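Every letter in the sequence shown is one number past the one before it in the UniProt record's numbering, and letter 6, counting from 1, is 6.
No wet-lab data here; the hints were simulated from the structure.
In this text the structure is predicted, and so the values were computed from the model without any measurement.
Keep in mind that a hint or two might mislead.
Claimed, not checked - Across the chosen pairs, the derived CB separations fall in these ranges: (1) Arg-95 / Gly-12: 19 to 25 Å; (2) Met-57 / Glu-92: 23 to 29 Å; (3) Gly-10 / Ile-97: 32 to 38 Å; (4) Thr-9 / Gly-98: 19 to 25 Å.
Claimed, not checked - As a list, the in silico SDA-like pairs of lysine to any residue whose alpha-carbon atoms are at most 25 Å apart: (5) Lys-93 / Lys-73; (6) Lys-93 / Asn-52; (7) Lys-73 / Arg-24; (8) Lys-93 / His-11; (9) Lys-93 / Gln-47; (10) Lys-73 / Tyr-56; (11) Lys-73 / Thr-15; (12) Lys-93 / Pro-7; (13) Lys-93 / His-63.
Just so it is clear, CB atoms sit at the ideal spot from N, CA and C, and this is done for glycine as well.
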Amino acid sequence: RLLTLDPGTGHGPLTGSMSVHPLRGRRRMPSYHALSYCWGEESERTQEILINGMTYMITANAHNALAHSRSPKAHGTLWIDQISINQEDLDEKSRHIGYMGAIYREADVVV
Numbered sequence: 001r002l003l004t005l006d007p008g009t010g011h012g013p014l015t016g017s018m019s020v021h022p023l024r025g026r027r028r029m030p031s032y033h034a035l036s037y038c039w040g041e042e043s044e045r046t047q048e049i050l051i052n053g054m055t056y057m058i059t060a061n062a063h064n065a066l067a068h069s070r071s072p073k074a075h076g077t078l079w080i081d082q083i084s085i086n087q088e089d090l091d092e093k094s095r096h097i098g099y100m101g102a103i104y105r106e107a108d109v110v111v
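Let the hints inform the model, and build the full structure from the sequences given.
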């Protein structure tokens with residue numbers, strides 16, 4: 001899952017859309033940046049992001065990383081573990097551990 005972050009500046013509301021892309025296969029993944037950071041505890045999800053019209057709670061670390069990485073004029077496509085992996089699905093989290101090398105390798109930039 002890749003997050004396309006809407007343009008913005010400062011600490012204004014974070015908005016974007018999520019899309020699913022196969023990591024392997026014929027179709028080339030879109031260009032994206034991968035954000036890696038310390039996840040933090042579940043209770044620390046105090047910040048909001050609006051994705052595909054739905055509000056999601058994320059950690060302050062994730063919010064700050066996204067706020068600092070977005071462009072004021074252009075959409076940006078990102079893979080960020082806290083958002084791109086369904087944190088409620090333990091099987092999915094386990095599977096994605098095996099994909100992490102490829103996810104970071106395919107990224108244009110890893111921050």
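Hint-by-hint comparison with the structure:
Between Arg-95 and Gly-12 the C-beta distance comes to about 34 Å, which lies outside the given range of 19 to 25 Å. Restraint check, Met-57 to Glu-92: a C-beta distance of roughly 18 Å breaks the suggested window 23 to 29 Å. Range check, Gly-10 to Ile-97: about 34 Å between beta-carbon atoms, so the 32 to 38 Å window is met. Evaluation of the 19 to 25 Å hint for Thr-9 and Gly-98 yields a failure: the beta carbon distance comes to about 37 Å.
Proximity of Lys-93 to Lys-73 is assessed by CA-CA distance (about 33 Å); at most 25 Å being required, the pair is judged violated. Annotation: proposed proximity of Lys-93 to Asn-52 holds, straight-line Cα distance about 22 Å (limit 25 Å). With a C-alpha separation of about 31 Å, the suggested pairing of Lys-73 with Arg-24 is violated against the 25 Å cut-off. Between Lys-93 and His-11 the CA atoms are separated by roughly 29 Å; this puts the pair beyond 25 Å, and the hint is violated.
Simply put, Lys-93 and Gln-47 have alpha-carbon atoms about 22 Å apart, close enough for the 25 Å limit, and the pair holds. This hinted pair checks out: Lys-73 and Tyr-56 have alpha carbons roughly 23 Å apart, not beyond 25 Å. About 14 Å separates the Cα atoms of Lys-73 and Thr-15, which keeps this hinted pair within 25 Å; it holds. Between Lys-93 and Pro-7 the alpha-carbon distance is near 29 Å, which puts this suggested pair outside the 25 Å criterion.
Distance restraint check for Lys-93 and His-63: the Cα-Cα separation of roughly 20 Å lies within the 25 Å cut-off, and the hinted pair is therefore satisfied.
Of the numbered hints stated above, those contradicted by the structure are hints 1, 2, 4, 5, 7, 8, 12, listed in ascending order.
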